[in-house]
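Chemist: Read top to bottom, the protein sequences are chains A and B.
Plus 13 on top of the position in the first sequence (first one is 1) and you've got my numbering.
Plus 9 on top of the position in the second sequence (first one is 1) and you've got my numbering.
The reader is advised that the hints may include incorrect statements.
To be verified - Computed cross-link-like contacts, EDC-like style, restricted to lysine to aspartate or glutamate with a CA-CA straight-line distance of at most 16 Å:
1. A/K160 to B/D44
2. A/K199 to A/E219
3. A/K199 to A/D242
4. B/K69 to A/D242
5. A/K142 to A/D242
6. A/K199 to A/E182
7. B/K69 to B/E57
8. B/K60 to A/E115
9. B/K60 to B/E42
10. B/K58 to B/D25
11. B/K82 to B/D25
12. A/K136 to A/D88
13. B/K62 to A/E115
14. A/K160 to B/E79
Unchecked claim - Counterexamples of contact, computed for chain A against chain B with all Cβ distances above 12 Å:
15. M64
16. P91
17. I102
18. L105
19. P107
20. P112
21. A167
22. A171
23. G216
24. A250
25. L260
What the hints assert, rightly or not - Quick list of simulated restraints, FRET-style, between CB atoms:
26. A/K220 to B/K82: 33 to 41 Å
27. B/V61 to A/E201: 22 to 30 Å
28. A/D88 to B/N56: 33 to 41 Å
29. B/T13 to A/L129: 44 to 52 Å
30. A/A243 to B/R38: 21 to 29 Å
What the hints contain is simulated information worked out from the structure, not anything from laboratory work.
Here a beta-carbon is modelled for each residue, glycine too, at the ideal position from N, C-alpha and C.
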Amino acid sequence: MSENPFLLRQKIILVTGASSGIGRETAIQCSKMGAAVIITGRNPARLAQTMSQLEGTGHQMLIADLATDLNKISDLVPIVNGVVHSAGILSLSPFTHLPEDELRNVMNANFFCPVLLTQQLLKNKKMNKNGSIVFISSLAGNVIASKGNSAYCASKSAISGIVKVLALEQASRRIRVNCILPGMVKTEMMGSFLSSLTPEQLGEDEKKYPLGYGKPQDVANAAIYLLSDASMWMTGASLVLDGGFSLQ
Amino acid sequence: MDLTEFIKHFAEQFDDEPLTNFAPETRFRNIEEWDSLHAMMIMAMVNEKYKVKITPEELKNSQTVAEVFEVVKYKV
Numbered sequence: 014m015s016e017n018p019f020l021l022r023q024k025i026i027l028v029t030g031a032s033s034g035i036g037r038e039t040a041i042q043c044s045k046m047g048a049a050v051i052i053t054g055r056n057p058a059r060l061a062q063t064m065s066q067l068e069g070t071g072h073q074m075l076i077a078d079l080a081t082d083l084n085k086i087s088d089l090v091p092i093v094n095g096v097v098h099s100a101g102i103l104s105l106s107p108f109t110h111l112p113e114d115e116l117r118n119v120m121n122a123n124f125f126c127p128v129l130l131t132q133q134l135l136k137n138k139k140m141n142k143n144g145s146i147v148f149i150s151s152l153a154g155n156v157i158a159s160k161g162n163s164a165y166c167a168s169k170s171a172i173s174g175i176v177k178v179l180a181l182e183q184a185s186r187r188i189r190v191n192c193i194l195p196g197m198v199k200t201e202m203m204g205s206f207l208s209s210l211t212p213e214q215l216g217e218d219e220k221k222y223p224l225g226y227g228k229p230q231d232v233a234n235a236a237i238y239l240l241s242d243a244s245m246w247m248t249g250a251s252l253v254l255d256g257g258f259s260l261q
Numbered sequence: 010m011d012l013t014e015f016i017k018h019f020a021e022q023f024d025d026e027p028l029t030n031f032a033p034e035t036r037f038r039n040i041e042e043w044d045s046l047h048a049m050m051i052m053a054m055v056n057e058k059y060k061v062k063i064t065p066e067e068l069k070n071s072q073t074v075a076e077v078f079e080v081v082k083y084k085v
């Protein structure tokens, strides 16, 4: 193999939730590794901002809400080599006070939308053989839990469960399916949670991470590995990425 | 907005502390069972019963039940 297997040259990668946080950074880093990137997100202005930060050519942006435009996305995208499901929401509420519509919203955004989009792409033959599907799951719900986080934890552990089955079912086409379980990564989505802590609590919390809190780029790099041919033998895995948090 | 009713809703978020122990001047963080989950429950209760949202910051800045009441009353 003369080509560096860690690069994404000649690959078309679809990134959802690309208007902010981990999704945006993943799109940018994929473009730097040579991929043509298709980005989706709900907010046109912020999506355009991501678009302007992509390197190279051949990129596309699709303004779409996964909750309502699933078919639109799977119709409009070309055959892709990889998908990163990064769209997601966070909602904090103690379980006894969790409104049903909030639970359904979180399950919808974090579980049903990415899973149903994957189904559409596979059914419509929009995933190339040897392709790679990456779900951004979470440490929360899979390795750890925190009070008030029941809806989010449930949605993220559901993702990790279905990934194993998809990996088995798609192995004959050599399509790999994996998920990443990030610990605390400083993004806009986590902003509301982090701002609920006092500066002292924030310092204490970050101390639980031997390597400190993560950055979106740390997750983007893991996604690149899973998208690239370097991880050709990896499928059905949940990659813990937490700066050592879960060790102690 | 009625203070007595607010105190009742506030007290309902606690399992062990009886309603009779709650007064406007009660410093709720001194209640033995108070923890981070109770903070979330108070915010959720306010949202549920009064259809307004108080921020973690606003709750953090309040010491007594009456102070929380004032924050909520201002928003209703």
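Chemist: Each hint needs a verdict: does it hold in this structure or not?
Modeler: Here is how each hint holds up against the structure:
Between the alpha carbons of A/K160 and B/D44 the distance comes to roughly 10 Å, so the proposed pair stays at or under 16 Å and holds. As the CA atoms of A/K199 and A/E219 are separated by approximately 11 Å, the hinted pair is consistent with the 16 Å bound. Under the criterion of a C-alpha separation no larger than 16 Å, the hint pairing A/K199 with A/D242 is inconsistent with the structure, at around 28 Å. Distance check on the hinted pair: B/K69 and A/D242 sit about 50 Å apart at the alpha-carbon level, beyond 16 Å; violated.
About 12 Å separates the Cα atoms of A/K142 and A/D242, which keeps this hinted pair within 16 Å; it holds. A hinted pair counts as satisfied when its Cα atoms are at most 16 Å apart, and A/K199 with A/E182 does not qualify at roughly 34 Å. Among the hinted pairs, B/K69 with B/E57 is inconsistent with the structure: their alpha-carbon atoms are about 19 Å apart, more than 16 Å. At roughly 15 Å between alpha-carbon atoms, B/K60 and A/E115 fall within 16 Å of each other, so this suggested pair holds.
Of the supplied pair hints, the one linking B/K60 and B/E42 is violated, its CA atoms being roughly 26 Å apart against a limit of 16 Å. A distance of roughly 22 Å separates the Cα atoms of B/K58 and B/D25; the hinted pair therefore is violated under the 16 Å criterion. Only pairs whose Cα atoms come within 16 Å are accepted, and B/K82 paired with B/D25 is rejected, the gap being roughly 27 Å. Simply put, A/K136 and A/D88 have alpha-carbon atoms about 11 Å apart, close enough for the 16 Å limit, and the pair holds.
This hinted pair checks out: B/K62 and A/E115 have alpha carbons roughly 15 Å apart, not beyond 16 Å. Only pairs whose Cα atoms come within 16 Å are accepted, and A/K160 paired with B/E79 is rejected, the gap being roughly 27 Å. Chain B leaves A/M64 outside its interface by the beta-carbon criterion, the shortest separation being 33 Å against a cut-off of 12 Å. With a least beta-carbon separation of about 43 Å from chain B, A/P91 lies farther than 12 Å from that chain, consistent with its non-interface assignment.
Against the 12 Å criterion, A/I102 stays outside the reach of chain B, whose nearest CB is about 16 Å from its own CB. Once the 12 Å rule is applied to beta carbons, A/L105 is inconsistent with being away from chain B; the minimum gap is 6 Å. The Cβ of A/P107 sits about 5 Å from the closest Cβ of chain B, inside the 12 Å cut-off, so the non-interface label is violated. Residue-level check failed: A/P112 sits 8 Å from the nearest beta carbon of chain B, not beyond 12 Å.
Residue-level check passed: A/A167 sits 17 Å from the nearest beta carbon of chain B, beyond 12 Å. With 12 Å as the threshold on Cβ separation, the claim that A/A171 sits away from chain B holds: the shortest Cβ distance comes to roughly 23 Å. With a least beta-carbon separation of about 16 Å from chain B, A/G216 lies farther than 12 Å from that chain, consistent with its non-interface assignment. Every CB of chain B lies more than 12 Å from the CB of A/A250, the least distance being 33 Å, so the non-interface label holds.
With a least beta-carbon separation of about 23 Å from chain B, A/L260 lies farther than 12 Å from that chain, consistent with its non-interface assignment. Checked against the given bound of 33 to 41 Å, the beta carbons of A/K220 and B/K82, roughly 38 Å apart, stay inside it. Range check, B/V61 to A/E201: Cβ separation about 24 Å, and the 22 to 30 Å hint holds. Our hint of 33 to 41 Å for A/D88 and B/N56 holds, since their Cβ atoms are close to 39 Å apart.
The beta-carbon spacing between B/T13 and A/L129, approximately 49 Å, falls within the hinted interval of 44 to 52 Å. Between A/A243 and B/R38 the beta carbons are some 52 Å apart, a value that contradicts the proposed interval 21 to 29 Å.
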